[in-house]
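Colleague: Here is what each chain is made of, one letter per residue.
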Amino acid sequence: MHRFLLLPRRVISRANISFADIFVFCGFFALLYGAAKVGSGFFESFNPPHDLPVIDLSPGGLAYYTARSMMRMFAALAISLVVALAAGYAAAKNRKAESIILPLLDIGQSVPILGFLAITVDGFIALFPGSLFGLECASIFAIVTCQLWNMAFVFYFSVKTLPRDLEDASRVFRMSKWRKFISLEVPYGMTGLVWNAMMSFGGGWLYVSAAEAINYSNKNYYLPGIGSYVAKAFQVNDMRAITWASLTIILVIIVVDQLFWRPVMAWAGKFQTQPVTGQEDSSWALDLLRSAQVPRWLNRRLRRIRAALFQIKWPAAPQLPKLKTKNRPFGVSGDLLFGVLVGGTVVAALYSGATYLRRELPLAEVGIATMGGLATLLRVAALLLVSTVIWTPIGVWIGFNPKIARRIQPVVQILSSYPYNFLFPIIAFALHAAGVPMSITAILLMALGSQWYVLFNTIAGAIEVPAEMRQMAESYGLKGWLLWKRLIIPAIFPAWVTGAITATGGAWNASILCEIVSRENETLAAPGLGTYIAQATAANDWPRIVLGVMLMCVTVVAINRLVWQRLYDLAESRYRIV
Amino acid sequence: MSQSNDPLIRLSNLGMTFPRPDSGGSIQVLDGVDLTISRGEIVALLGRSGSGKSTMLRLISGLIQPTSGSVTSAGKAVNGPNADVAMVFQNYALFPWLTVVENVEIGLEAKRVPPREARKSANDALKLVGLDGFAKAYPKELSGGMKQRVGFARSFVVQPRVMLLDEPFSSLDVLTAENLRGEIADLWEDGAFPAEAVLIVTHNIEEAVILADRVVVISANPGRVRGEIRISLPRPRERTAPEFRAMVDHIYTIMTNPERSVAEPQPQVLVGEDRMIDSTALPHARPGALSGLLELVEEYGGKEDVASVAERLRMEVDELLPILDTAVLLGFAEVAEGDVILNEAGARFANAEIDEAQVIFRDAVLQHAPMVRSIYERLLESKGGRLDGDVVVDVLDESFSEEEAKEQFDTAINWGRYAGLFEYDSDDETIRLHDETEAME
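Top to bottom, those sequences are chains X and W. With our numbering applied, the first sequence covers 1 to 578. With our numbering applied, the second sequence covers 579 to 1019.
In case anyone wonders, no lab produced these hints; they're calculated from the structure. Do not rely on the hints blindly, as some may be mistaken.
Stated by the list, open to error - Derived DSS-like pairs: lysine-lysine, alpha-carbon spacing no greater than 25 Å straight-line:
1. X:93 x X:160
2. X:177 x X:93
3. W:689 x W:654
4. X:177 x X:160
5. W:689 x X:479
6. W:705 x W:718
7. X:479 x W:705
8. W:705 x W:689
9. W:698 x W:718
10. W:714 x W:689
11. X:479 x X:403
12. X:485 x W:718
13. X:479 x W:654
14. X:160 x X:270
15. X:270 x X:177
16. W:698 x W:714
17. X:177 x X:96
18. X:485 x W:698
19. X:160 x X:96
20. W:689 x X:485
21. W:714 x X:485
Claimed, not checked - Partner residues are not named here, just some residues of chain W that face chain X (Cβ under 7 Å, in silico):
22. 628
23. 639
24. 642
25. 667
26. 669
27. 675
28. 684
29. 685
Just so it is clear, the structure is predicted and the values come from calculations on it, not from any experiment. Beta carbons: idealized from backbone N, C-alpha and C, even for Gly.
Excised from the complex, chain W in its bound form (with noise of 0.2 Å):
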């Protein structure tokens, strides 16, 4: 193996254009992409569906050729089949007329490596996906996982420079995904796997910021690269870390927004010039149970256990905690070493009479949940004063997945509702400021 400083892959100016398969004429998949893999790294390509990332695979293992630019491997110009690469298909790509294990050795075949060999990778490398007792199955035996595995044992025999991975995850159903990609990842961070760098093709954000040193974002119609963004997370990745769920959303953020350009995450992004709604996250709670939460803890004397707390609303520990949350959020509660403490805010919140209470409520929204301020802003500014619901539900979806985003507005809504601050009408879905003479009437 070479070890000068030439990337193992490079990719110049590369363009692809296809003739259109009727009407004659042209379709231009891929438009000056440049791209380079080094040693020791995954790259994740990730884009929507025509974005060309599939052609960028093909023309990488030399299957079809480039219409402009060009394609080295470890130096060498790609004018055939590129011996330094293999691949692992989205559809497995197995034989079913060839056992797990010929099927592995495929390739070992086409290199003519002596059967008693091949048979020995191949039999190795069906040990480190886990299939060993599969090698004389038929692939129809198989489970879409399973099979899967016998397409990375079938590339890993040929000891490849790089793994091309054509979303090879996609095809199965999310626990098995789930998993199988954990053992990939495993394998990379042990430093068992068999290649020098591995550029995968996905559509799956979480996929991407799991297993990727690099994720380069490809815009659609035709392939352009955007930009790329370094994932420096610790491995192995958690997923409910913060900072991770930090990194999903800022590249969720990028490619639902295809003029954004692509730059190191800032957490809290808000989007867009003209509609910014600030989608920090709210917890989710009712107002009233938040104030029914601070009396109790008031009778109690300002100071009490979250356990007994929860006992006595007779209520499970993680049905309280959104409240516990919003009480904190709002500046009225603190919470420590398992106690809830009322400050004097809370306090006041807590002894006001309704009226009273709404203006406490709002001022300390105002102040502490950005998202309720900024749609009572944009509110404000709007003529007429009113406001689209569905378009409040898009901007948070952008950082929030469907189901989530919707939760989001409803608490805001509930928020803002109770603090006085707009109204909401669910038969034509629009917000509008509260208007004391309008209410009146």
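Okay, chain X solo, but in the shape it has when bound (with noise of 0.2 Å):
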């Protein structure tokens, strides 16, 4: 009965309701059917070679594709969220985890995504036969396998650093394990989740277009989204569908920053544990939802089911004085057990792989592709002079003018995400009619995508200096190239090391994009081992393929270990400003 009498008061409450509510609901309503609409497509039929997805090159068929394309993003992000949570988690909780997921991660963020679709592809669709779901998660598995990494290593690296107050007052109050993970590990670890999770979302519409065009047995098939709309368009060479297509996503990547990623990062600044230095985070489409009503209304119900979430008594809290030195039992033995199963799987996966290649490949191929390996180690190595060449005075110019860095960021943070790859025929062919080598264009291609990272870690580098520091130097005469020397250079070659890590990785995936592009009939290659694996995959030379993406990862490992690691270990060890 008393339900009843609680009635008017809601409808009260509820029928004052503002410009604002109708806004929400609307866009609500709208982004609800959207979704459904374009999330049926995910099951269409397909059963090569009759039962193909066409690609239609009308304005129409564009929005929706785009629409395809970022249910495709934000799926993917769902699922690097879950699993970076997870991974995270149980490295940061487990040594022998540890000692699985985070070389697991390293490697992960250094392979050549790219490379591995065609090798993930055919155990998707074997997964879903008769529909495309099997080729929509192969491409939605590509999106995760470049988001992925850096999340699970920010949420692994904050729960490791949980402050030492925070985890004792934890214990002291008896939080269960799920307890402290919902309400204390979890936000702590937020900012820095949703920072990465943004920048690794910019960067994924590269890999979601070019994920869209699958080979798949000696064939290029195209699922629908923008990536393919912009294929099909070279193949046939539709100038005004490509251009309708370049400016199209310019404007997603747009809207969905404006919608999604500033309401998120202005949400997440509560989570902020340091005092925050500078303005906060805005976004006016929070501010929207947030004097809406009827937000307000839901809110109120889901806080009920957040009561519940906290109020799950799983697993039992633990006793408290438990001072467990060390996991005895398993202790010394179990380890070795432990080292031996996970070092003989790794050695057998290595070996097996070799005998693979042996059976199939001379050993004069292994040859030829380490050729192509130090070609494109070269390329990687001049772009990224060139870049720092160019964008670190820049960086450091803007860095230092607080006013135009707060400007600027947005503009790079659009032009880094931007998937370069649909511009890459127009400019490496107006190039070879210039009478530019395809090996100098590959270069330039490359840098398009990866220089920004150069830039946005400079300019993050020069605006952590202190003004101090700069007006010390300043007052006691450091100009020019001294200054350069004693100052600048040091002070932001951390953040031009992250910059560079970066921008090298992305420089390696993008070399299976950079290094061969074609337009109708026209293909120009520039010897590399980017092109290396794209000839094979096209050729679904499976032994080429392998070997290929395998001395990919291994140069870069390689690399990362002998190079970047020692250098940023320098960095965080000598010139890192406290």
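With the hints in hand, could you dock these two chains into one complex?
Modeller: Right under this line is the structure:
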């Protein structure tokens, strides 16, 4: 009965809706309708060679394809988030899990995702026969593999570095592991998680569009999406469609930024543990959402669910005086057993890979692939050198002018999110006509996507230089080269290393798209490992795909270990400004 | 070095306005500032945060240009980094990637001094600040105090005419700051300081009084010069000297009263027109203890050795002293050559019955304890004979530290109650006139 009595009050409070409510309401239903409509396309039938998705080059088709690509991006983001939380948590909490997950993450973030695509797609199609969902999964998997590592790493570090007092408090209040996870560990890691998710998401546009044109049993299939749209447009040389798509993607990046990432960043601001310097993130979309009544009403309902989540009494709270020193019973012999198991698996995998290659390929093939690897290595090095020379001074200048930095940063973010593979054929053939060899063009194409990380990080590094230090340098008369040598270069070095690792990692990955570019019936190729993998994929030549991808993994991991890791350690120990 | 009569630094009608970061518009940080710094003096700029003190240092060192007015250094206009000055920064501003000695050399390197010569000067400077064993260390191996020593050494080697110190001790813990400040003062007093003048920005009053020849008080929002106080206390300055305390109290009063004009010190300042409470310090003794002491001395015949009184009362001498001070202050006794000698009023008080003792005590307090008397007078003037205890504490706060103000208040209340002058209700923190009729009800 009392429900009836309460009803009028609710009606009144709900009737008090504003313009913001109407806006939010319409937006919500549009989103729901769109998701249902576009999502149904995920299960289109797919039975090669008769039943194939066809790409429609009309503007209406473009809108639909963009929505499809976007759904893939968000699906991948959701999966990445869950896996990152699980992997990061497991690695931070369990020493054995840590010893497997960390190297996996490390290798995972340095391998060429696009090379792997060809390997994974077979399995996914076999998993969902007769449906496009298999291809869909393969493409989402590709995006996940480019987003996951960063997020998992950052969550791992935040759980590992949870301040001692918070740790102690959770113990004093006898929080269960679950309670501690949702009320302490996740909120504490939220800022880093959101920031990294946003950056990875930006980088994901390239992979979503590249992963839509999938090679399967010797034929190219186009998964409906904006990437396929562009690929198809290049195939029939439809410049109008290419232009439309290139502009649409900019719009989409801006809209997603304004309607999704800005609100999420502003919301995540409340989890910031350090005092906020400068201005806080603000978002008009979040303000709108907050000023509307309906979400508030919804939020009150959701609070119950949240409370229920907090109430979960699993697993049991730890007994307080649990002062165990070490897992004695499992001890040394357990660790040894574990090590042997893991090591054995790795060795067995490497061995079976090697024997497979030995059986299928002549030894000289390794030499050919290695030469390609060297060519790509030189290109990556050239790219890093050129972007450093160009962008470091500009980045420092921007970073030293906070007003400019604030305005430029969103622009750079959009520039870095843009899937430049849309433009590759245009640029490559234009340069080809001007007589530039593809070997050089490939460097430029790689740079289009990767250079921004150098700029980004240089700006961030320059902003971090304390004003007092710059004033000191100026008042003691440091100028020109001496200023760079004594202050600027050392101060931005840690940020530059981070940027260089990201940029070169991206460049290795992109080499598969950059070294070989085709349009209609023409193809431009530069010798290199990217071309090697791309050609092997096109020919469905499994042994060469495996060889190429393995070689690229080994090269990237080796360079990371031998060069970047050392520079990074040096930067941390010597050049970090606290 | 020119021996002209120009002051080392002259700021004339200096104004500085910064654009507001987001909303447009602008913030005026400094307005019409005139200041000179001459050879051989330490000048302290004292002001609250937001008074533009640090901006003044940056203007003098030529890091920023004023929006109006001018800065001259040794007679020359400052239009860029000023080579006559060297700055010591609040957060040290050491480069973490350079060793201590390399940090010290940085200014010499910019002046293209040959490396060998630069190394020698740097080592000499490090010796001067007591860090000669740390030349090859990195800043992160040093404590905060040692880092700031490096900061001083770095400015010493460039042999500036004026050293600019931007709150150089405020990032250090109290003991370290005290130690380093003392050493800097020693260098100055010994004539070993490698600069002709020093301008220090601080918000620490004692620091200003210890170091400075002149304290320039800056008002906030916008920063203007309120006035200056010449500190002619002999060096080295003793914190505990009464003149030192009086000076600190005086500046403290000025700083807490933005409307007050800055003048030469008048000890025992009365504060504000409408709420005059005398802040002459009271010794902390309870009237009961006073009475006990006087009775004891009376038993011994009116004269007794202080040490034996202490022994008899099982008190340490420093516990006894406030009680003796009270006896002396209220005119009940004298202390001479280690003896307490009761006078006539003291003897009368010791022998009196309770009622009579209260009257004697009241007369003595009204005559000799101006704080209690002034509270009583304000009570008489006030409507309904009541005063807010907080207000009195606030007034005392301007002359004492927060803790001491509270203790002074408690003592004054104690004495006033014992004298039957007023009552205090600690629940509503109100002082009321002692009303016989009300007490009867």
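Colleague: Hint by hint, note whether the structure agrees.
Modeller: Taking the hints in turn, this is what the structure says about them:
1. Our distance criterion of 25 Å between C-alpha atoms is met by residue 93 of chain X and residue 160 of chain X, whose separation comes to about 8 Å.
2. Restraint check for residue 177 of chain X and residue 93 of chain X: the C-alpha separation of about 11 Å stays at or below 25 Å, so the hint holds.
3. For the given pair, residue 689 of chain W sits about 20 Å from residue 654 of chain W by alpha-carbon distance, which is consistent with the 25 Å threshold.
4. Restraint check for residue 177 of chain X and residue 160 of chain X: the C-alpha separation of about 15 Å stays at or below 25 Å, so the hint holds.
5. Restraint check: the Cα-Cα separation between residue 689 of chain W and residue 479 of chain X comes to about 10 Å, which is no more than 25 Å; the hinted pair holds.
6. At most 25 Å may separate the alpha-carbon atoms for a hinted pair to count; residue 705 of chain W and residue 718 of chain W meet this at roughly 20 Å.
7. With a CA separation close to 28 Å, the supplied pair residue 479 of chain X and residue 705 of chain W exceeds the 25 Å bound.
8. As the CA atoms of residue 705 of chain W and residue 689 of chain W are separated by approximately 22 Å, the hinted pair is consistent with the 25 Å bound.
9. Between residue 698 of chain W and residue 718 of chain W, the direct Cα distance comes to roughly 23 Å. Compliance with the 25 Å bound is thereby established for this hinted pair.
10. With a C-alpha separation of about 22 Å, the suggested pair residue 714 of chain W and residue 689 of chain W falls inside the 25 Å cut-off, and the hint holds.
11. Pair hint residue 479 of chain X plus residue 403 of chain X holds up; C-alpha atoms about 23 Å apart against a cutoff of 25 Å.
12. Distance check on the hinted pair: residue 485 of chain X and residue 718 of chain W sit about 20 Å apart at the alpha-carbon level, within 25 Å; holds.
13. Pair hint residue 479 of chain X plus residue 654 of chain W holds up; C-alpha atoms about 22 Å apart against a cutoff of 25 Å.
14. At roughly 21 Å between alpha-carbon atoms, residue 160 of chain X and residue 270 of chain X fall within 25 Å of each other, so this suggested pair holds.
15. At most 25 Å may separate the alpha-carbon atoms for a hinted pair to count; residue 270 of chain X and residue 177 of chain X meet this at roughly 23 Å.
16. For the suggested pair residue 698 of chain W and residue 714 of chain W, the alpha carbons sit about 14 Å apart, so the restraint of at most 25 Å is met.
17. Proximity of residue 177 of chain X to residue 96 of chain X is assessed by CA-CA distance (about 19 Å); at most 25 Å being required, the pair is judged to hold.
18. With a C-alpha separation of about 22 Å, the suggested pair residue 485 of chain X and residue 698 of chain W falls inside the 25 Å cut-off, and the hint holds.
19. For the hint linking residue 160 of chain X to residue 96 of chain X, the alpha-carbon distance of about 15 Å falls within 25 Å, and the restraint holds.
20. The hinted pair formed by residue 689 of chain W and residue 485 of chain X meets the criterion: a straight-line CA distance of about 15 Å does not exceed 25 Å.
21. Between residue 714 of chain W and residue 485 of chain X, the direct Cα distance comes to roughly 19 Å. Compliance with the 25 Å bound is thereby established for this hinted pair.
22. Interface restraint check: residue 628 of chain W against chain X, minimum CB-CB distance 17 Å, threshold 7 Å, status violated.
23. Taken as an interface hint, residue 639 of chain W checks out: its beta carbon lies about 5 Å from the nearest beta carbon of chain X, inside 7 Å.
24. Interface hint at residue 642 of chain W: violated, since its Cβ lies 9 Å from the closest Cβ of chain X, which is beyond the 7 Å cut-off.
25. Taking 7 Å as the C-beta contact cut-off toward chain X, the hint placing residue 667 of chain W at the interface holds, the least distance being around 5 Å.
26. Hint on residue 669 of chain W holds. Least Cβ distance to chain X is approximately 5 Å, under the 7 Å limit.
27. For residue 675 of chain W, the shortest C-beta to C-beta distance to chain X is roughly 4 Å, which falls under 7 Å, so the interface hint holds.
28. Annotation: interface hint on residue 684 of chain W holds; nearest CB of chain X at approximately 6 Å, less than 7 Å.
29. A distance limit of 7 Å between C-beta atoms decides the matter here; for residue 685 of chain W the minimum to chain X is near 4 Å, and the interface restraint holds.
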